[in-house]
Amino acid sequence: MAGIPLLSLAIWIPILGGLLVLAVGGNDRNVPLARVTSLFAAALGFAVTLPLWFQFDAGTSALQFVEIRDWIPRYSVRYHLGVDGISMPFVLLNSFVTLIVVIAGWQVIRERVAQYMAAFLIMSGIINGIFSAMDAVLFYVFFEASLIPLYLIIGIWGGPNRVYAAIKFFLYTLAGSLLMLVALLYLFYASNGSFEILDWHRLPLDLRTQQLLFLAFLVAFAVKVPMWPVHTWLPDAHVEAPTGGSVVLAAIALKLGAYGFLRFSLPIAPDASMSFQWLMVTLSLIAVVYIGFVALVQEDMKKLVAYSSIAHMGFVTLGFFLFNRLGVEGAIVQMISHGFVSGAMFLCIGVLYDRMHSRRIADYGGVVNVMPKFAAFFLLFAMANSGLPATSGFVGEFMVALAAVKTNFWIGFVAATTLILGAAYSLWMYKRVVFGPVANEHVAALEDIGAREFWMLAVLAFFVLLLGVYPAPLLDVMHASVDELLRHVAAGKLH
Amino acid sequence: MSAMNEMKTLYLLVPFAPLLGSIVAGLFGRWVGRRGAHTVTILGVLVSFLASIAIYFDVQAGNTFNGPLYVWGTSDGLSFEVGFLIDPLTVMMMLVVTFVSLMVHIYTIGYMADDPGYTRFFSYISLFTFSMLMLVMANNFLQLFFGWEAVGLVSYLLIGFWYTRPSAIYANLKAFLVNRVGDFGFLLGIGLVAAYAGSLDYVEVFAKAEHLAGLTETVTGWPLVTAICIALFVGAMGKSAQVPLHVWLPDSMEGPTPISALIHAATMVTAGIFMVARMSPLFELSDTALSFVLIIGATTALFMGFLGIVQNDIKRVVAYSTLSQLGYMTVALGASAYSAAVFHLMTHAFFKALLFLAAGSVIIGMHHDQDMRNMGGLRKYMPVTWITALIGSLALIGTPFFSGFYSKDTIIEAVAEANVFGAGYAYFCVLAGVFVTAFYTFRMYFLVFHGEERFGKAHHGHEAHGHDEHHGLAPGEKPHESPPVVTVPLVLLAIPSVVIGYFTIEPMLYGGWFGDAIQVLAEKHPAMAHLAEQFHGPLAMALHGFTTAPFWLALAGVVFAWFCYLVRPQVPEFFARTFRPIYVLLENKYYFDRFNEVVFAGGARLLGRFLWQIGDRTIIDGAVVNGSASMVGELAAAARTLQSGRLYHYAFAMIVGMVVLLWFIYGGH
Chain U
45 MAGIPLLSLA IWIPILGGLL VLAVGGNDRN VPLARVTSLF AAALGFAVTL PLWFQFDAGT
105 SALQFVEIRD WIPRYSVRYH LGVDGISMPF VLLNSFVTLI VVIAGWQVIR ERVAQYMAAF
165 LIMSGIINGI FSAMDAVLFY VFFEASLIPL YLIIGIWGGP NRVYAAIKFF LYTLAGSLLM
225 LVALLYLFYA SNGSFEILDW HRLPLDLRTQ QLLFLAFLVA FAVKVPMWPV HTWLPDAHVE
285 APTGGSVVLA AIALKLGAYG FLRFSLPIAP DASMSFQWLM VTLSLIAVVY IGFVALVQED
345 MKKLVAYSSI AHMGFVTLGF FLFNRLGVEG AIVQMISHGF VSGAMFLCIG VLYDRMHSRR
405 IADYGGVVNV MPKFAAFFLL FAMANSGLPA TSGFVGEFMV ALAAVKTNFW IGFVAATTLI
465 LGAAYSLWMY KRVVFGPVAN EHVAALEDIG AREFWMLAVL AFFVLLLGVY PAPLLDVMHA
525 SVDELLRHVA AGKLH
Chain G
846 MSAMNEMKTL YLLVPFAPLL GSIVAGLFGR WVGRRGAHTV TILGVLVSFL ASIAIYFDVQ
906 AGNTFNGPLY VWGTSDGLSF EVGFLIDPLT VMMMLVVTFV SLMVHIYTIG YMADDPGYTR
966 FFSYISLFTF SMLMLVMANN FLQLFFGWEA VGLVSYLLIG FWYTRPSAIY ANLKAFLVNR
1026 VGDFGFLLGI GLVAAYAGSL DYVEVFAKAE HLAGLTETVT GWPLVTAICI ALFVGAMGKS
1086 AQVPLHVWLP DSMEGPTPIS ALIHAATMVT AGIFMVARMS PLFELSDTAL SFVLIIGATT
1146 ALFMGFLGIV QNDIKRVVAY STLSQLGYMT VALGASAYSA AVFHLMTHAF FKALLFLAAG
1206 SVIIGMHHDQ DMRNMGGLRK YMPVTWITAL IGSLALIGTP FFSGFYSKDT IIEAVAEANV
1266 FGAGYAYFCV LAGVFVTAFY TFRMYFLVFH GEERFGKAHH GHEAHGHDEH HGLAPGEKPH
1326 ESPPVVTVPL VLLAIPSVVI GYFTIEPMLY GGWFGDAIQV LAEKHPAMAH LAEQFHGPLA
1386 MALHGFTTAP FWLALAGVVF AWFCYLVRPQ VPEFFARTFR PIYVLLENKY YFDRFNEVVF
1446 AGGARLLGRF LWQIGDRTII DGAVVNGSAS MVGELAAAAR TLQSGRLYHY AFAMIVGMVV
1506 LLWFIYGGH
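Protein chains in written order, with my numbering: chain U, 45 to 539; chain G, 846 to 1514.
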């Protein structure tokens, strides 16, 4: 397989596939063909990422599957792709989720089908680009481009307040990334004209400069994660987004900011990262506790899960800034797990929304009586969301919590409240929606999930359980890269 | 070598046979049907029980095992494993769990016969058996935590088994959340172990116990082992329902009776006791932690017993009795009498499962009426249930020669010998608890099986306990004895309830049967060593038992109950009237539930709303986000007004501009 540009394929198959879908089915010319083409493109896009996993050499922290071509030689901008043990799993996750999203929208989306599917496919390719770009300009282009499909998905297929949500989302994240652009340009000059991210990792910088760069990156990435207090765009975006949009948003888009910390902030400004540890840990803990309480009182299921996403991402940023292997690896596992679990939660809410056209918890009650199969899946995912052992949701939280106790007992103490809060908001919602007697005639008329929905949820359930029972393979993939990263951060740049 | 591999296969069989049964009944229940579901699950548990017996003989022969099954994950030098530790403590728990589970599986055929969720129920109880076995067979903290939470999950599912009942789905959420509060402490304890011992493997951690005892927690400055033990014990308080985390257990009676017997009496709730006994090498090193355990346990033992007196729901009496007995076990742990705690755990598993299943049989006979005020005189109609319930009751109150006598008397003696802070208080509590136990137990016994036949009347005037709309016997209808699938398990549980103590006390407590599984520093905590000197065989102990205070207290309790409920039924009324405040306090369960509802549940919702409405909406969104957006808009609007389109405005602005510019250029001179 050597010589096959797998990462380019992972990027361009979905993008070209998306354009093809538009060509064959634009303006609802041929909806079935558009669907089949999308499924084919998504499946092929996922298939080409599989060798990344199976041929990955876990023994090294060096970049793998590298591709380098000149792009804009005058500014030494290069088309440089490569993945390490940190980014590779996300390429797979993203391509997998795209496949799920195409299946999820199969019958539900009836208008502008080709555009809808194309948006997700193009988005998928762009995100693979973000996770594999090793040239800063390439990264930035992908990073910003990823806003556009998501903006369209929310703005076109969204709910009644979609325009406000879409613009809020767009401005929030765009404002964040402008500062990052400044930081990238500074680094370009400081490194005598290189856009190679790896060169920047080695670039000596004094503490003051590092801190300014760190803060510039922080604004960009914190909005994406999102961290408290720049999180308020997320619940609005989720509420208005169609199911597929929420899935991609939660499962993938939130990971971009967190990934940015690992690829830019920590290695480029290691000493600044250390010096801002107190800030990052504090913001993360606020996200866990504050947002946990806010999630508890939500009346809209999607908002509840959106808030719970923020709390879970708080664990991710907490894990990063503990600067030990357990914390960082736990955080990465948490990111992957959150991709499955939050994606599944939004799919479950989508299943209900497709039938009832309501996301209000108060409109439900007693769903288990009419949808027992669905109730079983939903329970599994709700339990995973509250971090039950043997589900993927446990692994990351457990590792980060152990790392937190090791760093400082009180950090661990605050972080561990997630055990109570996570269970409280997930299961209280579950109780009100699923348990109880049939609440009204709309609930009574609900039909249980069909084969398409069943298998979609079953595949996710499989991964949630597999990762919960046997996370070792995933951990083994990232050891070398995380080790290298932490060695680099610990060494610092101030000699 | 091959013998080793054979044993390993057996070890695997023990938890995974019930898991397989659970999966078949749960996922393929529709295809295998009701008969298929109960056959496959019972077979699974039977295999598990037989394998446990085989392992028991192997352990008797001196073979223990400690090894991994697979590596769950590694990070930062920690290896997270799934593996088994097979020693006498484990194998005893395996026998208790699989035997009681088997009885409950069989009993369920009768109890759940008419329930539409039949296959689902079998799937759950087999899943529970798997989880509980993973918990007791663990050789490390990760797997312990896994089993710990998994049994919590199944408990959640089973309490809410009748998911259309509001009281059931309230109770299961409450149970899960209260347990999570305990798990919060448990996780911190595990975190401290991982941080300071650098391992989660029991044997490795215990090997470093002495070293850990010399350390203090760096950030808080607490003595490390004390911090670890108390944090772990908070987990035990949740799972084993110790005050103040006991509030979920009485409500858990909303679940079907078979699981009340299996999960909320015999096995799951004793997980905390088992865990502390397993951690004896750590707890021995902290007198502070032992005192904490002792005082919490003593409080639970006595004060939860009081609540049993005022209950009218037959299952709730047994539930409070379980709380109180768990308190006894905890007291024993605090008195460094770990083996006595585990011994009581075992005897209690038999006689309490028996009492619960007997209560269930009564409930079947009464057509799902659980109110004891509608019963009376049932001994005529349900002879097997009557005799077995009597045996269970006698065992519970500690009648000499019965199993409960040996375990409870040992605990009381051990507490008398204990020397950590709070031992005096604990001794008073466990002694007073004997009278209370005897009183509420025989109050229940007399109300149900003796006296006037109060069933078959139109019952009104009683406050409805929960949800029995269509329950109870019709006027003139008589209760009937339950079918053999119900009574045979009763008989099979009644036998060990009588004899198990007599035959096992000597090896378990004084024969060193537990070996290294339970470690006591005899110089520091000599209680069990003293008892060993005074022990002259089970016969002598029982005969001596007739002359001691606990026996007379128990007898007084029985006589008092007989007097109050059979001889002079107006006496309880009189007490309730005279000591009204106390009665109201007991009726309201010391207001724990009210307090939790208002302060914790209400407070959390209030805080959540405040943070959401004020923090997110008003400040972040209102002032900052939309504020800056509207500021841009306002600036633009202001700038727009300058563009009026009128020529003289522009001309005027130009003149002003010129003047300012000229002033800038020449103004300085």
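Since the hints were derived computationally from the structure, they do not count as laboratory data.
Just so you know, these numbers come straight off a predicted model, no measurement behind them.
For every residue, glycine included, the Cβ atom is placed at its ideal position computed from N, Cα and C.
Any given hint could be a false lead.
As the list claims (entries may be wrong) - Partial selection, computed: residues in chain G whose CB lies under 7 Å from chain U:
1. Arg875
2. Val877
3. Ser920
4. Phe1006
5. Thr1009
6. Val1365
7. Glu1368
8. Ala1468
Tell me if G/Val1365 is really an interface residue toward chain U, meaning its C-beta lies closer than 7 Å to one of theirs. violated, 29 Å
Less than 7 Å between beta-carbons is the criterion; does G/Ser920 satisfy it with respect to chain U? It holds, given that the least Cβ distance between G/Ser920 and chain U is near 5 Å, below 7 Å.
Against chain U, is G/Ala1468 within 7 Å by beta-carbon distance? violated, 11 Å
Does the closest beta carbon of chain U sit nearer than 7 Å to the beta carbon of G/Glu1368? At 32 Å from the nearest chain U Cβ, G/Glu1368 fails the 7 Å test, so the hint is violated.
Using 7 Å as the Cβ threshold, decide whether G/Phe1006 counts as touching chain U. violated, 11 Å
Grab the minimum C-beta distance from G/Thr1009 to chain U and call the hint holds if it beats 7 Å, violated otherwise. holds, 4 Å
Restraint satisfaction for G/Val877 [CB to CB of chain U, less than 7 Å]: Result: violated, 17 Å to nearest chain U Cβ.
Would you check whether G/Arg875 satisfies its interface hint, that is, whether its CB is within less than 7 Å of any CB in chain U? Because about 11 Å separates G/Arg875 from the closest Cβ in chain U, which is outside the 7 Å limit, the hint is violated.
In the structure shown, a violation is registered for the earlier hints numbered 1, 2, 4, 6, 7 and 8, in ascending order.
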